[in-house]
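Colleague: Construct the entire structure; sequences and hints are all you get.
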Amino acid sequence: MFKIIRKADIVLFIVLLAFGFAMLFFTIRAASSPGEQVVINVDGNEYGRYPLDQDNVIEIHNGDRHNTVTIKDGGVFMSYSTCENQICVHEGVVTTPGQLIVCLPNYVIVEIEGGEDSDEALDAIAQ
Amino acid sequence: MKHSTPSPSDRSGWSPRRITLSAMLAALALIFSYIEVIFPFYTGIPGVKLGLANLVVVVALYKMSPSYAVTINVVRVLMAGLLFTGLFGMLYSLAGSICSFLIMYLCWRSGLFSVLGVSLAGGVFHNLGQLAVAAFAVSSARIFLYFPVLIFSGMAAGIIVGIGSHVLISHLPDQIFRRY
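Chains as they are written, first to last, in our numbering: chain A, 63 to 189; chain B, 9 to 188.
A couple of the hints might just be wrong.
To be verified - Between beta-carbon pairs, the in silico distance windows are: (1) Gln148/A / Val146/B: 54 to 62 Å; (2) Glu175/A / Val146/B: 17 to 25 Å; (3) Glu108/A / Ile46/B: 52 to 60 Å; (4) Lys65/A / Tyr113/B: 20 to 28 Å; (5) Leu114/B / Thr132/A: 56 to 64 Å; (6) Tyr188/B / Ile66/A: 12 to 20 Å; (7) Trp22/B / Arg68/A: 30 to 38 Å; (8) Ala84/A / Ser178/B: 32 to 40 Å; (9) Tyr113/B / Asp105/A: 55 to 63 Å.
Stated by the list, open to error - Computed from the model, here is a short list of chain A residues facing chain B with C-beta under 10 Å: (10) Ile66; (11) Asp71; (12) Val73; (13) Leu74; (14) Phe75; (15) Phe81; (16) Met85; (17) Phe88; (18) Ile122; (19) Arg127; (20) Thr130.
As the list claims (entries may be wrong) - Partial selection, computed: residues in chain B whose CB lies under 8 Å from chain A: (21) Ser122; (22) Leu128; (23) Phe155; (24) Pro156; (25) His174.
These are computed hints drawn from the structure, not numbers from a lab.
Glycine is no exception: its CB is placed at the ideal position from the N, C-alpha and C atoms.
Modeller: The following block contains the structure:
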């Protein structure tokens, strides 16, 4: 049985195996990349992106307007704002993708963007 | 390139005898597809299966000619699509089969590979062809997370089918496949 195996077969086997492991390594890294991100927009332009799972304090200075966004324990909130109505500060903590904190007077929008929902894509095929 | 097959003039060309044989082989391949439908070789991973029908295709490739093999395969996929898997399943399966057949044909034609290598390549490319359709249908690059699983399962299936094909090719008498 084994004497029918040729050199090219073994080369093909090793190449496919190596390719498989390379893809495995690559996909495991891709799958474990950070999912949810905090996106801050100032004056309609993207100001920055920050991972939701790392505590962070972001100071935003825009002319004489000043906002402070705090990321803590997987949630994000506006901890300080120079605006008059303080709606953004009273908004409290948001934690889930799609939720927003808007400070209209200062033109600051804080949004949580979800990582791509990989489970959904896989389930579509699994059915 | 050395194959234990009828002489080259005998390999191609249609004859009533060979048309009948192809029809029987297509029916056999269809039965193999059906066996996999009723006894799913369940591994816990969707889309992973043995591909017994490829046994018939590989034997036809070696014992008859590529045109017979591809015809048998396409007939098998169309019939299985109409009978068991439905239209989407048919497209899915057709993409896998065509991809698999092309690579098997090239490997066979190169003369470098044994049946095992040919079947191994076929198994992997069958899965990659299906994955391409799936990625297109779901339109999400995330589907490629599935890539490694399909490569390894395609390799395993290809080797098993390759061993089976080798046994069949070396034991089936050439007489069965002769033109007249």
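Colleague: It remains to establish, for every hint, whether it holds in the given structure.
Modeller: Verification of the supplied hints:
Range check, glutamine 148/A to valine 146/B: about 44 Å between beta-carbon atoms, so the 54 to 62 Å window is missed. A hinted range of 17 to 25 Å for the beta carbons of glutamate 175/A and valine 146/B is consistent with their spacing of about 21 Å. Evaluation of the 52 to 60 Å hint for glutamate 108/A and isoleucine 46/B yields a pass: the beta carbon distance comes to about 55 Å. Judged by the Cβ atoms, the range 20 to 28 Å given for lysine 65/A and tyrosine 113/B holds: they are separated by roughly 25 Å.
Hint check: leucine 114/B to threonine 132/A, Cβ distance near 59 Å, so the stated range 56 to 64 Å holds. Between tyrosine 188/B and isoleucine 66/A the beta carbons are some 30 Å apart, a value that contradicts the proposed interval 12 to 20 Å. A beta carbon spacing of about 32 Å between tryptophan 22/B and arginine 68/A agrees with the range 30 to 38 Å that was offered as a hint. A beta carbon spacing of about 35 Å between alanine 84/A and serine 178/B agrees with the range 32 to 40 Å that was offered as a hint.
Hint check: tyrosine 113/B to aspartate 105/A, Cβ distance near 60 Å, so the stated range 55 to 63 Å holds. Given the 10 Å rule on beta carbons, the hint for isoleucine 66/A holds: about 5 Å separates it from the nearest Cβ of chain B. Residue-level restraint check for aspartate 71/A holds (minimum Cβ-Cβ distance to chain B is 4 Å; threshold 10 Å). A least Cβ separation of about 9 Å between valine 73/A and chain B falls short of the 10 Å threshold, and the interface hint therefore holds.
Interface restraint check: leucine 74/A against chain B, minimum CB-CB distance 5 Å, threshold 10 Å, status holds. For phenylalanine 75/A, the interface hint holds, since its Cβ comes within 10 Å of a Cβ in chain B; the closest pair sits about 6 Å apart. Interface restraint check: phenylalanine 81/A against chain B, minimum CB-CB distance 6 Å, threshold 10 Å, status holds. Annotation: methionine 85/A was flagged as interfacial toward chain B, and the flag holds, the nearest CB pair being 4 Å apart, inside 10 Å.
Restraint check, phenylalanine 88/A versus chain B: the minimum CB separation of about 8 Å is within 10 Å; hint holds. Below 10 Å, beta-carbon pairs count as interface contacts, and isoleucine 122/A has none with chain B, the closest being about 33 Å; its hint is therefore violated. For arginine 127/A, the shortest C-beta to C-beta distance to chain B is roughly 39 Å, which exceeds 10 Å, and the interface hint is violated. A cut of 10 Å between beta carbons decides the hint on threonine 130/A: the least distance to chain B is about 35 Å, and the hint is violated.
Contact between serine 122/B and chain A, as hinted, is supported at the beta carbon level, the nearest pair being about 5 Å apart and thus within 8 Å. A cut of 8 Å between beta carbons decides the hint on leucine 128/B: the least distance to chain A is about 6 Å, and the hint holds. At a threshold of 8 Å, the smallest CB-CB gap from phenylalanine 155/B to chain A is about 5 Å, leaving the interface hint in force. Annotation: interface hint on proline 156/B holds; nearest CB of chain A at approximately 4 Å, less than 8 Å.
Because the beta carbon of histidine 174/B sits about 6 Å from the nearest beta carbon in chain A, less than 8 Å, this interface hint is met.
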